[in-house]
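> Below are the chains, spelled out letter by letter.
Protein chains: 4
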Amino acid sequence: MQKITLLINCPDRKGIVTTITQFILERQGNIVYLDQHVDRQESIFFMRVESEFDQEGFSIADFEMQFIAQFVDDYQLTYQLFDAYYKPRLALFVSKYDHCLYDLLGRYASGELPVEIPLIISNHPDLEIVAKRFEIPFKHIAVTKATKAEAEAEQIAAIKEHKIDLIVLARYMQIISDDFVAQFKNKIINIHHSFLPAFIGAKPYHAAFERGVKIIGATSHYVTADLDEGPIIEQEIVRVSHVHSVQDFILKGRDLEKIVLARAIKAHVEHKVLVFGNKTVIFS
Amino acid sequence: MQKITLLINCPDRKGIVTTITQFILERQGNIVYLDQHVDRQESIFFMRVESEFDQEGFSIADFEMQFIAQFVDDYQLTYQLFDAYYKPRLALFVSKYDHCLYDLLGRYASGELPVEIPLIISNHPDLEIVAKRFEIPFKHIAVTKATKAEAEAEQIAAIKEHKIDLIVLARYMQIISDDFVAQFKNKIINIHHSFLPAFIGAKPYHAAFERGVKIIGATSHYVTADLDEGPIIEQEIVRVSHVHSVQDFILKGRDLEKIVLARAIKAHVEHKVLVFGNKTVIFS
Amino acid sequence: MQKITLLINCPDRKGIVTTITQFILERQGNIVYLDQHVDRQESIFFMRVESEFDQEGFSIADFEMQFIAQFVDDYQLTYQLFDAYYKPRLALFVSKYDHCLYDLLGRYASGELPVEIPLIISNHPDLEIVAKRFEIPFKHIAVTKATKAEAEAEQIAAIKEHKIDLIVLARYMQIISDDFVAQFKNKIINIHHSFLPAFIGAKPYHAAFERGVKIIGATSHYVTADLDEGPIIEQEIVRVSHVHSVQDFILKGRDLEKIVLARAIKAHVEHKVLVFGNKTVIFS
Amino acid sequence: MQKITLLINCPDRKGIVTTITQFILERQGNIVYLDQHVDRQESIFFMRVESEFDQEGFSIADFEMQFIAQFVDDYQLTYQLFDAYYKPRLALFVSKYDHCLYDLLGRYASGELPVEIPLIISNHPDLEIVAKRFEIPFKHIAVTKATKAEAEAEQIAAIKEHKIDLIVLARYMQIISDDFVAQFKNKIINIHHSFLPAFIGAKPYHAAFERGVKIIGATSHYVTADLDEGPIIEQEIVRVSHVHSVQDFILKGRDLEKIVLARAIKAHVEHKVLVFGNKTVIFS
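Quick note, the sequences are listed as chains A, B, C and D, same order.
Just so we're aligned: 13 in the working numbering is position 13 of the first sequence, and the numbers increase by one with no gaps anywhere.
Just so we're aligned: 4 in the working numbering is position 4 of the second sequence, and the numbers increase by one with no gaps anywhere.
Just so we're aligned: 191 in the working numbering is position 191 of the third sequence, and the numbers increase by one with no gaps anywhere.
Just so we're aligned: 22 in the working numbering is position 22 of the fourth sequence, and the numbers increase by one with no gaps anywhere.
It is worth saying that the hints were derived from the structure and are not from the lab.
Keep in mind that the hints are not guaranteed to be accurate.
Intra- or inter-copy, both count: the list cannot distinguish identical chains.
As the list claims (entries may be wrong) - Cross-link-like lysine to aspartate or glutamate pairs, in silico, DMTMM-like; alpha carbons within 25 Å at most:
hint	residue 1	residue 2
1	Lys266	Glu56
2	Lys87	Glu150
3	Lys252	Glu42
4	Lys279	Asp35
5	Lys87	Asp248
Pulled out of the complex, with its shape left as it was, chain A reads as follows:
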C-alpha cells in the first residue's frame, strides 16, 4: 500500500474537483480524505487530498509526472506532493529556555509526533544535558555579531548533512538572517510568545503586563524576512488578571508556547498547512 498527500492551489475553475478526483480514480486511487476551500474574494481554489494505492507497480514518481503534465500549466496550478509514510526530519534550534525542548522531546519519545529528530542546534551549551537524556545529537554553535555569517554557514551545513526537512525555533533567541530564511522558505517554524500582531519584538510578556491585558497568547508562524510577520499557523490564549505578575505571565505563557508550537509542527508534518501569500490554509 502506498499513500500520497497532495496540496494544491490554483485559480478557481468550474469542474476542478471533478477533474482531479477523476485523475486519481483512473489510477485506482482510493480517496480517504478530501478537503477543499475556495477563497471567493481572490477566486483561488485550495485542496488537500489523501489517496491510497494498493496495486503492484504503482509509482509515486510516475503519478507526479503525469499529474504535472495534465494540470500544472493548464490550470496554473501549484502543488506539493508527499509520500504520506515518510517521516519528516526536524532540526530543533534552542538557546537557554528548556520548556519547549522538553515538551517536544517528550512528545517525540511518546510517539506522538510522526517525525525524526536527528539534530538539536544551540547557540549556548546549556541544554546539551536535555539532548543527552533523549539521546539526540546536540551541536553547540556560538553566535556573535562578528561570527554570525560563519555560524549560519555551519548551521546550514549541519542541516544539509542531516537531510533536515523542517527547522523548529523552539525559543531560539537569535534572529535568523534573510539569506538563511530565503533558503528555507516555509520550512522554519517559530514560536512567538505573544498573541501576534500584538507585542511584536522582544519581551512581549513584559509589554502585555504593562498594557494591562486580560488575556495573553502565543503564536506559531513560518519565519520570513520580516520579524514576527510571517504566516500564522496557530494561536492560543489564556486568561490573566491583576493578581498575576510578569513572572506569572511568563509561567502561564510556557504552556501556551509548548502547545502552540507542538500543534503547528504537527499540522506541518501531516501536510495540513498550505501557505498562500502571507496566510495559511489549515486543513482539518
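Model the placement of chains B, C and D on the given structure of chain A, informed by the hints.
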C-alpha cells in the same frame, strides 16, 4: 440566479465525489462550497454542496427528480435538498425565562438570522410583552397534566397553520410528548443548561454547584423521545470558581444558553447540520 | 439595612487590613465581602470591601466623614464609597450598529443589569425604533466636523439633565473629544472590536483578516484621550480559520462585542473595577 | 527570613479577618498575601494568608502553638500551616501511558514545580526508561487481584520511606483500595480523562465519541473512596468535531490531561487548595 444546498450521506464508495460534482457540472452548476467527510469506522460518506445555477429555465424540481433517479437507489443515498434563498420559518416555544427570547429576537431584528419568526408559543402569558415589542404573534397555550394532549394538538395546529420549518425550545419548561417529537424529527432544537451528558434533567446548575465543578456549560441538541439524549449540535463552556454561588452559575449560564442556542439555529437554518444516528456532522 | 461598597488603594503598609476591617467592625458593620490585592512591584495596596449595617440611625455620610478623617491623609489613601443599593444611571451612545444595543436592552429588560437606562444618544436617527421598543428616551444629535463642539455640548447637557453615572459607547462611531473625555474620567466605557493592542483604529476585522490571525477578539476599556489606549476592563476571543471571510469575522465578532461590553458594564456598576495608572484591578 | 502559609476555615463570625491579621501583626509578621472567601449559604469562612517573619529567633512551632491556643477551640477553626520554603515530596504513580510522566518530569527538570520527586512507582516495568532519563528512582510493583493487598503494603512502605507528601496518579491504571485512600486523605491527586461528572469510569474518550459531544475535557481531583467522585481541583476542555475519530479524541486529550494535572499539582504544592466537604476552594 438560483442556489441549491445539498446534504448527502450514503455508504462510502470510490469515485462518489467525482460522480456527484460531475452531475452538477453537467447542469451548468457552479459549485461554490463543497465539504465532505468520511466516517472511516462506519464507512459512511457525508457531503454538503452549494451550487449556483444562472441559466434561464433551470428548475430545482427537475434537478431533484434527476438527482433521485441517478443516485438514491444506486448509491443507497439519503439526501436533503434546499432552495438556499428560502428563509426557514421558526416557532419559538418559551415559558417564563426571557433571556433566550430577547437574544433571538434581537438577532432576528438585526438581520443576523436568515429566518422568519411568525409565531411564539408559551405555556405562560408572561412573555407576551416581549413578543409585542418585536411585533410577533404570541400564542398562550396553557399546559397541565390533564390538558397536555389538547394543548399539544393546539400547538401542532398553529405550527401547521404558520408553515413552521423549525421549532425552537428557548428555555421552554415542558416536556414534549413522544408523539409530538415523532412528528418533527430533527426539527425541534432545545437548549439544555448543562454540558451534556453531565447533569441531565432538572436543575443542572444546582447539580453542578453541588458537584463543585470548575467549568459549566450549555448544550443545544435535537429533541428525541429520550430526554436530553438527542443529537448534540453545539456546546460551549465558561469557567466558574468557589466564589460563585448557584445564582452566579445561573447568571453566567444565561450567556452560554443564548450563544449556544443561536449558533445551533444558525447552523440548522444554513443547512450545515446533518444528523446521522444520534450524532451530528456540522459542516463549516 | 444599608450596604456600602468601598474601593481603596494606597501605599502598602503593615496592618492595613486589620485597621480598616477594625474601623468597619467598630461601626457594627458586617463584612460580607473582602478582597485585597497587593501590587508587590509598586508596593500598592488595593481593597474592595462590602459591609452591611443594620442599626437604626446609621448614616453613610457620617461613615464617609469618619473614614476620611481616619485614613485619607494618614495612609495617602484614595477611596471610592458607594451605596450598594443605588442603581447607576447609564447613557448609551450608539450609531447604526444595533446588536450591542439590542443586547444591552434585552439584559436590562430581563433585570440582569442593576442599572437605570434613562437615555440613548445617537448621531444617527436609525436606531430610534429600537429605543421605542424598549420605551427609552432617544436623543438624535447629529455630529459633523463643523458641529462637533456644539453636538458634544448638547450631549453633555443631556447627560447632566439625566444625572448619568456611566456613558457606554455601544459601537458609537465618533471619536470623543479630549475635553469631553476629561469631564468623565473612568466613566466612559467603549467596546473595541479587536483584541487590543492588536488592530488599533478603524476596521480591525479587516486588518485581522489581512494578517491571517487564527483568533479574533474584542476589548472593553475606559475611554482616555489616547484612542484605544485606555485601561482594559475585559477581553474575550473566538477562533477563526481560513474558511471565514471578513463578513464571518464581523458576524462572529458581534457576539464577542456584546458579551465583552456587557461584562465590563456589569463589573463597573457592581463597583468591582479599580483603575490604577492605565490598568484595572477587577475584583471577583 | 521565614515564611508561613496558613489555610483556615471555620464558621463565619464578625471580625475574624481583623483578629487573625492582628495576631500575625503582633508577631511582627508582614502579610504578603491574603485572600478570604465566605460561603454565604453555609456561613463558612475560608482564608489563605502568607506572612513573612524576619526577626531573629522567630519559631514556626511557637507560632503554631500560640495560634492553636488562641483560635482552634474558640473559633471551631480548622487550619493547615505550612513552611512556605519547604518543598513537598511527590511520588508519581504510573502504568504504561508516558505523556503525563514526561510532562511532569520536564516541568520538574525545568524548575517549574517547587517540589522534590524522589520516587516513581509503576505496576508495569515499561516506563523505567523514562525515570532513568531523569535520574529518578523507579520502583516496579506488580499488582494483580491476588497480590493487591501486598502490593499496596509495599507501595505504602516506599511512600513512608521516602517521606512522600503527595501522591500523583499520572494515568495510573489501577484502582486504589479504600484502606490506602483513607491513609492519604486529600493527598492523592488523580487525572481523569473526561469532563467529570460526564463519562465516569473506564474509556471516557470512547464514551464521549459515542455520545457525539462537541467538547471534551479532563479533570484533576483528590481521590476518595468513591471512584471519580472526589473533590475537583481543575478542569479544562478542548473542542472536537465530527472529523475527529476516537484516536483524535485520545490524542487531543493528552494535552488536556498534562495541563490539568500539572495545574492541580501546582495549586496543591503552593497550598492554594482547601478541601471542604466534597468541594475545593482554590485561592488565586
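> Run every hint past the structure and note whether it holds.
Here is what the structure says about each hint:
Within a single copy, Lys266 and Glu56 get their C-alpha atoms no closer than 31 Å, and across copies no closer than 49 Å, so neither meets the 25 Å cut-off. For the identical chains of this complex, Lys87 and Glu150 are neighbours neither inside a copy (30 Å) nor across copies (45 Å), given an alpha-carbon limit of 25 Å. Taking the shortest alpha-carbon separations for Lys252 and Glu42, only the inter-copy value of 22 Å comes in at or below 25 Å, while the best intra-copy value is 39 Å. Taking CA atoms no more than 25 Å apart as the test, Lys279 paired with Asp35 passes in both settings, with 18 Å inside one copy and 21 Å between copies.
For the homomeric pair Lys87 and Asp248, the shortest alpha-carbon distance between copies (19 Å) is at most 25 Å, but the shortest distance inside one copy (37 Å) is not.
Checked against the numbered hints above, the structure violates hints 1, 2; every other hint is satisfied.
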